[in-house]
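Number of protein chains: 2
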Amino acid sequence: MNEGVEWGMHTCVNLSWMPGEALPAKKLAAFYELPTAYLNKQLQALTRAGILSSTSGPKGGFQLARPTDRITLLDIVVAIDGPDEAFRCTEILKAGPGADPREDYRTTCLISQAMRQAELVYRRELAARTIADIVADVERQFPRSPESTRAWFANLKS
Amino acid sequence: MNEGVEWGMHTCVNLSWMPGEALPAKKLAAFYELPTAYLNKQLQALTRAGILSSTSGPKGGFQLARPTDRITLLDIVVAIDGPDEAFRCTEILKAGPGADPREDYRTTCLISQAMRQAELVYRRELAARTIADIVADVERQFPRSPESTRAWFANLKS
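So the protein sequences, as listed, match chains A and B. Its first residue numbered 1, the first sequence is counted upward by one per residue in the numbering used here. Its first residue numbered 159, the second sequence is counted upward by one per residue in the numbering used here.
Derived from the structure by calculation, the hints contain no laboratory data. Since this is a predicted model, take the numbers as computed values, not measurements. Note that the Cβ used here is the ideal one computed from N, Cα and C, for glycine as well. Errors might be hidden in some of the hints.
Said to hold, decoys possible - Some but not every residue of chain A turned toward chain B, in silico, with C-beta under 10 Å:
hint, residue
1, 3
2, 6
3, 7
4, 77
5, 78
6, 87
7, 88
8, 93
9, 98
10, 104
11, 107
12, 117
13, 119
14, 129
15, 141
16, 148
Chain A on its own, in the form it takes in the complex (with noise of 0.2 Å):
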């Protein structure tokens, strides 16, 4: 999996403690000592995605696109990893003896029935997991988390 993943995650809680400001790509890399351009390329499939938006000029930057509870996990998984499942079924047995050059044995084959039902469950699992969620467990284990970040930002040299 992409490491964009981590790192889109994690500036998701960071917006959430910035409502109606919008940060440029560098002071969001900057925050975790992150290469600029390659977090730029993260921040727009998830702006693509509809989960950040983006405003250009000397005041633009990101911010949440929606609210946290509307941001699941595995939105951002899928945003920035892509939709495709881990495990690709390449259909072996329609070269097998007896095959039908018909038949779909994405749907029909019994072991991808079992991996995509393994992938399903994995996707339900993140897709029950939102921002709002990840963020109230931050705020209930670290209660300064959000002041301290405003603060970082704040004084943060553009």
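Given the coordinates of chain A, work out where chain B should sit on it, guided by the hints.
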């Protein structure tokens, strides 16, 4: 995920119908028109994991090393694709403001925890399905599979 996972699972199902018979990589590859050398690499990985056993010599080849109800889909995924989880926490919190250099953020980071939890349900699902389950499903839906597989290998010129 390595496509060898698909090949390995189908090959284990085929081998379940050939008890006591060692089949060389060349024959196993011919069944699905797979490249022999690359399938052989996967079969070696399954052998190292104790899923297959291999014998050399003119009558040598691969066979299942243990009963199909003791070979899970997770065993095959880990043997061929390695033990790493899809999401790799690189502890970006460590580079963030106020980080504790002694902390293991792979354990304490709430994003890392949520991603690991999803991975856990995925692996639990794969660990709950065995090759015996798949074989039983195949035999229920395609009762002629064991016989036709045995006939195909018997007719194959060595």
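We went through each hint and held it up to the structure:
1. 3: At about 6 Å, which falls below the 10 Å cut-off, the nearest Cβ of chain B leaves the hint on residue 3 of chain A intact, so it holds.
2. 6: Hint on residue 6 of chain A: holds, closest Cβ of chain B at ~6 Å, below 10 Å.
3. 7: holds, 7 Å
4. 77: holds, 8 Å
5. 78: At about 13 Å, which exceeds the 10 Å cut-off, the nearest Cβ of chain B leaves the hint on residue 78 of chain A violated.
6. 87: Holds: closest Cβ of chain B sits about 5 Å from residue 87 of chain A, inside 10 Å.
7. 88: holds, 7 Å
8. 93: With a minimum Cβ separation of about 7 Å from chain B (threshold 10 Å), the hint on residue 93 of chain A holds.
9. 98: holds, 6 Å
10. 104: violated, 15 Å
11. 107: violated, 13 Å
12. 117: holds, 7 Å
13. 119: holds, 7 Å
14. 129: Result: holds, 5 Å to nearest chain B Cβ.
15. 141: holds, 7 Å
16. 148: holds, 6 Å
Consistency note: the structure conflicts with the earlier hints numbered 5, 10 and 11.
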